[in-house]
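> What follows is the residue order along each chain.
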Amino acid sequence: MVNADEDKSAYSIQTVDLTKVFAKKKHRGVLGFLRRNVEKEKSKSEGGEAVTIALDRVNLKVQSGELFGLLGPNGAGKTTLVKCLATILIPDGGTAVVNGYDVLKETTMVRASIGLVVGGERTLYWKLTARDNLMYFASLYKMPRKEAKNRVNELLEMMDLLDRADERLEDYSTGMRQKIAIARALLHNPPILLLDEPTLGLDPTFSRQIRNQIRGLCRDEGKTILLATHYMYEADEMCDRIAIINNGQIAVVDSSNRLKAMVKERELVEVACVNPPVGIEAELKAMCKDVDIVTLIQGDEAKSTPSRIKIIGEGAEEHIGTVIDALRRKKVQITSLNVGMPTLEDVFIKLTGGAKLTEGGEAETERHEAQ
Amino acid sequence: MTQSSLRSNYFVVWSEVTKNLKFLSAYPIVFVFWAIFPIFWFIPFILQGQALVGGLTSQAFAQVAGTPEFIPFVVIGSVLNSYVLSSLYGMGESIRREAYQGTLDYVLASPCNKSFILIGKALSESFTSTIFAFSQLIISILFFGIELTIGVIMPILFILVLLILGLYGIALVLAALSLRFKQAHDLAHSLEYVFYLFSPVRYPVESLPLWAQAIGKLLPLTYALIAVRSLMLLKQGIAAIYIEIGALVIIDTALVLVGFYLFNWMENKTKKSGTISQY
Numbered sequence: 040m041v042n043a044d045e046d047k048s049a050y051s052i053q054t055v056d057l058t059k060v061f062a063k064k065k066h067r068g069v070l071g072f073l074r075r076n077v078e079k080e081k082s083k084s085e086g087g088e089a090v091t092i093a094l095d096r097v098n099l100k101v102q103s104g105e106l107f108g109l110l111g112p113n114g115a116g117k118t119t120l121v122k123c124l125a126t127i128l129i130p131d132g133g134t135a136v137v138n139g140y141d142v143l144k145e146t147t148m149v150r151a152s153i154g155l156v157v158g159g160e161r162t163l164y165w166k167l168t169a170r171d172n173l174m175y176f177a178s179l180y181k182m183p184r185k186e187a188k189n190r191v192n193e194l195l196e197m198m199d200l201l202d203r204a205d206e207r208l209e210d211y212s213t214g215m216r217q218k219i220a221i222a223r224a225l226l227h228n229p230p231i232l233l234l235d236e237p238t239l240g241l242d243p244t245f246s247r248q249i250r251n252q253i254r255g256l257c258r259d260e261g262k263t264i265l266l267a268t269h270y271m272y273e274a275d276e277m278c279d280r281i282a283i284i285n286n287g288q289i290a291v292v293d294s295s296n297r298l299k300a301m302v303k304e305r306e307l308v309e310v311a312c313v314n315p316p317v318g319i320e321a322e323l324k325a326m327c328k329d330v331d332i333v334t335l336i337q338g339d340e341a342k343s344t345p346s347r348i349k350i351i352g353e354g355a356e357e358h359i360g361t362v363i364d365a366l367r368r369k370k371v372q373i374t375s376l377n378v379g380m381p382t383l384e385d386v387f388i389k390l391t392g393g394a395k396l397t398e399g400g401e402a403e404t405e406r407h408e409a410q
Numbered sequence: 408m409t410q411s412s413l414r415s416n417y418f419v420v421w422s423e424v425t426k427n428l429k430f431l432s433a434y435p436i437v438f439v440f441w442a443i444f445p446i447f448w449f450i451p452f453i454l455q456g457q458a459l460v461g462g463l464t465s466q467a468f469a470q471v472a473g474t475p476e477f478i479p480f481v482v483i484g485s486v487l488n489s490y491v492l493s494s495l496y497g498m499g500e501s502i503r504r505e506a507y508q509g510t511l512d513y514v515l516a517s518p519c520n521k522s523f524i525l526i527g528k529a530l531s532e533s534f535t536s537t538i539f540a541f542s543q544l545i546i547s548i549l550f551f552g553i554e555l556t557i558g559v560i561m562p563i564l565f566i567l568v569l570l571i572l573g574l575y576g577i578a579l580v581l582a583a584l585s586l587r588f589k590q591a592h593d594l595a596h597s598l599e600y601v602f603y604l605f606s607p608v609r610y611p612v613e614s615l616p617l618w619a620q621a622i623g624k625l626l627p628l629t630y631a632l633i634a635v636r637s638l639m640l641l642k643q644g645i646a647a648i649y650i651e652i653g654a655l656v657i658i659d660t661a662l663v664l665v666g667f668y669l670f671n672w673m674e675n676k677t678k679k680s681g682t683i684s685q686y
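If you read the sequences in order, they're chains A and B.
Residue numbers for the first sequence follow our numbering, so the first one is 40 and each next one is one higher.
Residue numbers for the second sequence follow our numbering, so the first one is 408 and each next one is one higher.
In case anyone wonders, no lab produced these hints; they're calculated from the structure.
Hints may contain errors.
Unchecked claim - Below, simulated SDA-like cross-link-like pairs (lysine to any residue); rule was C-alpha separation at most 20 Å, straight line:
| # | chain 1 | residue 1 | chain 2 | residue 2 |
| --- | --- | --- | --- | --- |
| 1 | B | K676 | A | T147 |
| 2 | B | K679 | A | F61 |
| 3 | B | K679 | A | A89 |
| 4 | A | K63 | B | S680 |
| 5 | A | K185 | B | W421 |
| 6 | B | K429 | B | T537 |
| 7 | A | K299 | A | D275 |
| 8 | B | K521 | B | K589 |
As the structure is a computational prediction, the values presented were derived from the model and not from experiment.
This is chain B alone, in the form it adopts within the complex (with noise of 0.2 Å):
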């Protein structure tokens, strides 16, 4: 790739985010909702623990979990779900918003390659979900005593990191879907529970039957949680998590390929059917 190839696909990614931070923008009453929401979500969770172990540590959930705090276990499953929710969601709904505006045929006929608007698309969502589980940390931190000490910063970002393109993966794949059933909605919610089941989100994975077990073991979000749970919670190194990192590179790899494919094949297929402008 040449440098100036480079730099005009880099202006398209960053014109796709301000585009879509604009538009944002455009609706002030979401940044309330952002800064109230991340109360809300996990507050009952907390609660629902501290009702069922009596206090704020359980070593019945240590046996489990290699942790007796049960406020830190649900904060970071919370946290790292937000990004789960944002592409779920967001991708798919920009490529349907785009149809309904009437924007999609240019946005596809233009001489750009696709992928950089989908990666633009991506980074959006990512934004307003590091925003909301900034939140989310932020008011952890302040009222429930969670620790986050400076060493385990990077690793905890480049977990994100990870998380987030296999994440992109589905998103694409959603995205793709909305293409040519005009709604992905649904499968999005269907999804969304699908995580919550089968990822430890709320409880470790080892509470999980094993065929449950074994699906849990094919989401980025289960990987990436017990990573992050193993640097935050246990204290261990990155050296103890390389297993996770290595099965979130595949899984990644995976889920990036079939989502751009998907994209690919049914772009084409619409374009065939002339009904790719539809909503």
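Chain A on its own, in the form it takes in the complex (with noise of 0.2 Å):
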């Protein structure tokens, strides 16, 4: 419980031991159901039901007019904090407050307080016009009309949309849809900003106009914005502080330089490769004992992305050479070798016991380095 002599006001987002719980389903269909119920009474009599735990006792306090990151790989539990953020979501156990407001006790106020954009365009109704559907939604905000019709005209124009504003949204492109659920999130002014991978699957110019658009509106609107991203550069560049989540749990909280310098007195090796042999991973660690970290993190071949193997530790370039050899010998085409310092990703990968990163991720993080 957030403590009652604590103000609630003091943070903008504060959850204290939230947790959230999902039952598994194994079996779909009719055939499943029954299996799913006799598996059930198995369960409940040897003691528990099979189980996921989206959110394990999450701990974050975001102050008012901060842009706060959480950095996960997906299915870190990302997306499932926002939801219950936003009271999509009950949660199991724990509490959260939001502008003050406890989300299981004021859902009204919690909703009138937020701006959710999370599941990107497709929560839109591509059949209606850009304007239609930030009316229809502004009505959702109990917004007078004419007042509506006012911050529509105004948000359409922020979004550089008014002169398409009468067009369909099938006619739309990706980016141009994503601006428009940003636009929506914004319609009743809220003071908090919950956005869930608000630049996934965009292409760079619009990334980067989207990314200038949060910190615009954290900097010049003083907004609150929990940005929920697994983009290492997104987090590392936006963000006054960063939460690393992962299997629901909180890893870390702390500024993205503060982060990086619980690994910078370590040496990097990061050697980047073109389809890896299965297995290659446990041999390198095996090879590599006395250093922290040994990581492969696969790349995308239809993205020309190659995969890249990690050594994080003191004496790390000393195995360069053991890395190379055992490369060679298994005839993996070797494209570059670097030797650094850690990255924010470094960071992530020591505090995750090296989660794997997404395709996604790493495509968008080298689209971005080439930028």
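With the hints as a guide, dock the two chains, each given alone in a separate frame, to form the complex.
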């Protein structure tokens, strides 16, 4: 429980031991339903049901006007946390307070306090125009009609889409639809924005535009922003503080610089290669036992993104020869070799025990680096 | 409720209705269907009736129905049943469509009262079924000599509103089941035949065995049909149908309360299980 003595409004967002558990669905269809019920009885008699812990006693404090990053791989619990804060999901344990309102007891006030971007472009009515979409959602936020009309025009202008306001969204590009999704979140001018992967699937130009807009909303309008992302550079560049989340648990919360300082004394060797064979990671780990981390980040052949082997820790450089020999023996093509200081990604790898980053995240990282 | 909140709630209902009508206008082929389908809907029943009784009137039919005219009897059944069909399929499908489009999360995470969104959905469905019903009625007046005097229009509209309210309760139940089970189409289909069988859509309720009549008395369509036929065919005044009106009010209240309770319960249940936006 949030301490009664503590001022609830001291933080824009505060969670205490927030927990969300989902029952595992192994079987589908009629037979699945019957089997599931049999298993349910069985697991009950064995003292428990098969579950996934999506959020495991999450404690967060986000200050007013802060751009707060929630960084984690897919399935880490980012969207679940955002949905719990947005009252779309009901948590199973703990408490969450948004803008001073309890997400369980004061849902209407929480909803009026937040602007939500989750699920991207698919969450709009594609058969309606941009203006119709925004007018509809403005009505759900109890905005008077005249005020809604003005606000919609203002936001369309801000998104540089006023001239296409009366076109159906099915004729928009992905990036344009995402801009409308952000405009929707801003309709009622909420003090808090919950943004879940707002640049997912966007090209570099739109990504940059949207990142600039998010930064501007925080800097110029003083909005509190919770930005859930799996893009390292996005969190690194934009956020005042970052929480790294993995398997539903917050591993650490700090500023990007301080997080990087956690591993900065260490050496980093990064070998980029094409199609490394299965099992190479375990093999290299066995060869480089004295370093802290040896991890393989899978690339994406379709996007010409190479895989990367990272060796982090004191004496990492001494293992360059060993790694290259091992890869050559397996006839793996090496495309580059870098020796340097660890980045936020390496902090992430260290804290999550080498949790795999997604292909999308890597591709985006590469693209960003190329800009 | 303050004037501004009343106005904002009206804006929610209005926006929901216009949104749904704009969806319809995105698929113009629907209007062609609406123009043709009403004709095919009840003509087979009329022809079947004619074949059975050997003409447009029947004394045997009059003994159970109170009127010898089979065609107006069937037309009224068909027109009112249009509202049943749109209620059974409309709202559940609308909720399912929102989930499929990915908009359901946003609709349910907005601070407005969800009842007004649901009322908006129900009104859009009623709008489409009213057009459907009017098409049938116009065809009946033009081609089958159905009489509709001005004096009975208001009482009929009153009965229609009561019918729609009860059907709205059933639609809420189906929408709630759509939230939980992701589709309620088959249940709606089964309910459609429950209405056909136990309500006097094509035959008088007296034709049913007593146990079936008892089930029919739980359905709002039964009372609406008896009331409208009394007004139109038996030329009775509104005082003669006070029992039907009373029954409709009681059934409507029960259905709407159960509908809202079930919808809120299912919404919470799916928010807890994390399946609310699945489809």
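> Each of the hints needs a verdict: does it hold here or not?
Evaluated hints:
1. K676(B) to T147(A): holds, 18 Å
2. K679(B) to F61(A): holds, 8 Å
3. K679(B) to A89(A): This hinted pair holds, its Cα atoms lying about 16 Å apart.
4. K63(A) to S680(B): Distance of about 10 Å is within 20 Å: holds.
5. K185(A) to W421(B): Status holds; Cα separation ~14 Å.
6. K429(B) to T537(B): holds, 17 Å
7. K299(A) to D275(A): holds, 10 Å
8. K521(B) to K589(B): Holds, at about 19 Å.
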